[in-house]
Amino acid sequence: WAVGDLIPTPQLAHVGFAEGIMVAEEIAGLNPRSINYDGIPRVTYSEPEVASVGLSAIAARAAGHEVVELNYDLAGNGKANILKTAGSVKLIAQKNGPVLGIHMVGSRVGELLAEAQLVFNWEADVNDVAQHIHAHPTLSEAMGEAHLALAGKPLHAHG
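The opening residue of the sequence shown carries number 216 in this note's numbering; numbering runs sequentially from there.
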């Protein structure tokens with residue numbers, strides 16, 4: 216067995232950890248689930264941060280999905296205004312189906328990846344995610360606002 220930097224998978228520490236756990240469980244006969252590498256969160260720790268999980272619009276179309284996209288401007292987010300940061304949350308979804316990718320740019324957007332990863336990995340529908348109430352003012356509210364907007368119910372839209 217080999218994991219992490221020894222194999223051609225994303226060269227991220229958290230991927231190596233997950234691969235190590237999977238191999239240990241395999242050796243122990245625990246029948247582990249395979250890793251969905253599209254569902255691995257990715258962050259570039261810069262200012263602003265760049266974070267994503269799931270497919271790009273190009274990859275989703277190449278996989279045969281009928282895609283809808285939405286860009287939510289962080290200028291509509293109260294916490295982003297308090298922090299004086301700019302950026303966006305981009306949703307890629309299958310038309311009348313699950314979210315296929317979430318891509319973000321802005322200060323601290325890496326902190327939003329846990330929710331984004333759940334949305335993607337649980338194949339959540341845009342309308343279902345739009346029903347979740349997010350605390351105000353928080354950056355995580357941008358996830359809710361983006362899903363509301365894509366569901367046709369924009370709340371604090373900007374522009």
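Check the hints yourself; a few may be wrong.
[To be verified] Lysine-lysine pairs mimicking DSS-like chemistry, simulated, CA-CA at most 27 angstroms apart:
#1 K305 x K294
#2 K368 x K310
#3 K305 x K368
#4 K294 x K368
#5 K299 x K368
No wet-lab data here; the hints were simulated from the structure.
The structure displayed is predicted, hence computed values, not measured ones.
Hints, verified against the model:
1. K305 x K294: holds, 18 angstroms
2. K368 x K310: holds, 16 angstroms
3. K305 x K368: holds, 16 angstroms
4. K294 x K368: Holds, because 20 angstroms separates the two Cα atoms, which is no more than 27 angstroms.
5. K299 x K368: Roughly 26 angstroms separates the two Cα atoms, so the pair holds.
This entry satisfies every hint, going by the numbered hints stated previously.
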